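Undergrad: One line per chain: the protein sequences are Y and S, in this order. First residue of the first sequence: 1, per the working numbering; consecutive thereafter. First residue of the second sequence: 1, per the working numbering; consecutive thereafter.
Be a bit skeptical, because a hint or two may be false.
The calculated lysine to any residue pairs, modelled on SDA-like cross-linking and capped at a C-alpha distance of 25 Å, are [what the hints assert, rightly or not]: (1) Y:4 <-> Y:108; (2) S:71 <-> Y:164; (3) S:126 <-> Y:108.
One side of the interface only, derived from the structure: several residues of chain S facing chain Y at Cβ under 8 Å [said to hold, decoys possible]: (4) 47; (5) 49; (6) 99; (7) 125.
Keep in mind that the hints were calculated from the coordinates and are not lab data. No experiment lies behind these values; they were computed from the predicted model shown. Ideal Cβ placement from N, Cα and C applies to all residues, glycine included.
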Amino acid sequence: MDRKPNIVLIGVDTLRADHLSCYGYRHPTSPSIDALAAEGALGERLFCPAIPTHPSFTTLYTGQHPITHGIVSHGGKAQLSRETPVLPEVLMQAGYTTCAVDNLWRARSWFGRGYEFYIDPSVRRGLLIDVSCEEINSRAIPWLRSHTDEPFFLFLHYWDPHYPLHPPAAYRDLFYRGNPFDPGNHSLEEWWQHPLGAMAKDTWLRRPQGLVTDADYVVAMYDQEIRYLDDSLAALLGTLDELKLAEDTLVMLVADHGTSLTEQGIFFEHHGLYDCTIHVPLVARWPGRVPGGTRVPAMLHMSDVAPTILEAAGIEVPEEMEGRSAWKLFTGESTEGGHDRVISVECTWQAKWSLRNERYKLIVSRDTGLRGGPPREIYDLQADPGEKTNLIETRPDVAERLEDELESWISRRLQELGRHADPLREQGISLRHLAPA
Amino acid sequence: MAEQAVGTAGDDERTLRTLMEDYHRAFEARDVAACAGFFAEEATLRFLFGSYQGRAAIAEWHQDRFAADVKLLRLDGVAVDGDTVTAHVVVTSRRLRLVRMDQVKGTVTLRVEHGRIREAVLAARKGAPSHIDWQFR
């Protein structure tokens, strides 16, 4: 390789893959992301070993499974070891100029490691997660313009699909027909018993026309935010074209997690190890290196993203990174790769493990926490991709086999790491206080 | 509903400060009718990302706030600029404490026309994000 590629890593918070047009969604939410995929590669099945934001981005940065890096909770007390290499540091040490337009460092310092430039426009907001894609671009694009002569790694963290959902006025009629304010619609009332639902009822569900009562309209608001973000990505990508950087830049888009949009009785929140939350988009474009229209069907993990980027840049992957590079799958140099299962974990509102293979998903609870719910769940993902029918009573044979596999894996990994305690039991749920009234 | 018209058509600074003080007293007394009476019939109240249109909706907002036991902990300053009075406040509520936010720094901005509040904006104060982003603790 003659020169290192520039790298633009786009991390979209709360973006589920199946609400993008390029993943088959019925609404045109993502023309720019669709174009990016058409010009490059789309990873059909990227799964998160950890949710939500802090555990997932830590997994991305370290290339490690959460049982290894130890960050299993959002807002929890665990700290990332200073010895664990993170992607921005590795790139910085390899000669990249590194920049993040993000705010996660305010919560956990390791998200700032390796960045020479850390730009945070959200400080102008009263609520950090309310920073808009336009505000992110207002800082990212000028930075791009002033760093065209050096190989750069630019990480952008967009928050728009995360609640509170309040897309700009121009988007508010998209993807919905009906009366969002119908007082006879009671589809949101269960949610309003939850502290976050009560806050939504007080604030972002209140429009001049009245209170939004239709859950379908809130889903439309989520889609509207995606479209708003997508239009901003067009501006970002257009700048790469204008600066004649596109040909020398690897652009990769992922999300830290998706969200339930009332599935499993979870209203617009991202807990629960269901596919709507752990299946996220992965799009990669590097003209001349990644053939346009490439589809990668292999099951990939978030921990594979850092090794993939490093291989693309011709940089040795630190041995501490457990993920497997998918770079040759993107370039077409190989069709072998990926994983046959993903083991995921959450410990924020509830403490659960899951094991997902090609056919089944097992979910085992250590602490049902916020929502209560069954201690064990098993879903036939081929017959029931929406994970609506728990087969725990009717398929005990499958449940037992998968549970043995999961617990054996946990025990073995803990032994290999020199640890004894399941981190979910050791650390406990971090946001237990967000329980329904 | 009690009428709370204050001042004359040329609302001056003292009048606006008096309005803010009188509204604060009604709020502390948990008097929904009195609070709503400070607002014009077609007033708008913007609360964080939401919008309440009209006096009836604004009365409902006050009911919700009182149900949540919103309390003013501190008044950090009041400023008047033309027809607008702004107060920097620190508030707490049972709902905030439920999500481990002991208090929030906010700003209350009232635009007054002919003695009544035409528009109210209640927002978290910029530059103090750590007070409201519970997930960033």
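Undergrad: Determine for every hint whether it applies to the structure shown.
TA: How the hints compare with the structure:
1. Y:4 <-> Y:108: With Cα atoms ~29 Å apart, residue 4 of chain Y and residue 108 of chain Y exceed 25 Å; violated.
2. S:71 <-> Y:164: holds, 24 Å
3. S:126 <-> Y:108: holds, 21 Å
4. 47: Holds: closest Cβ of chain Y sits about 6 Å from residue 47 of chain S, inside 8 Å.
5. 49: holds, 4 Å
6. 99: holds, 6 Å
7. 125: holds, 6 Å
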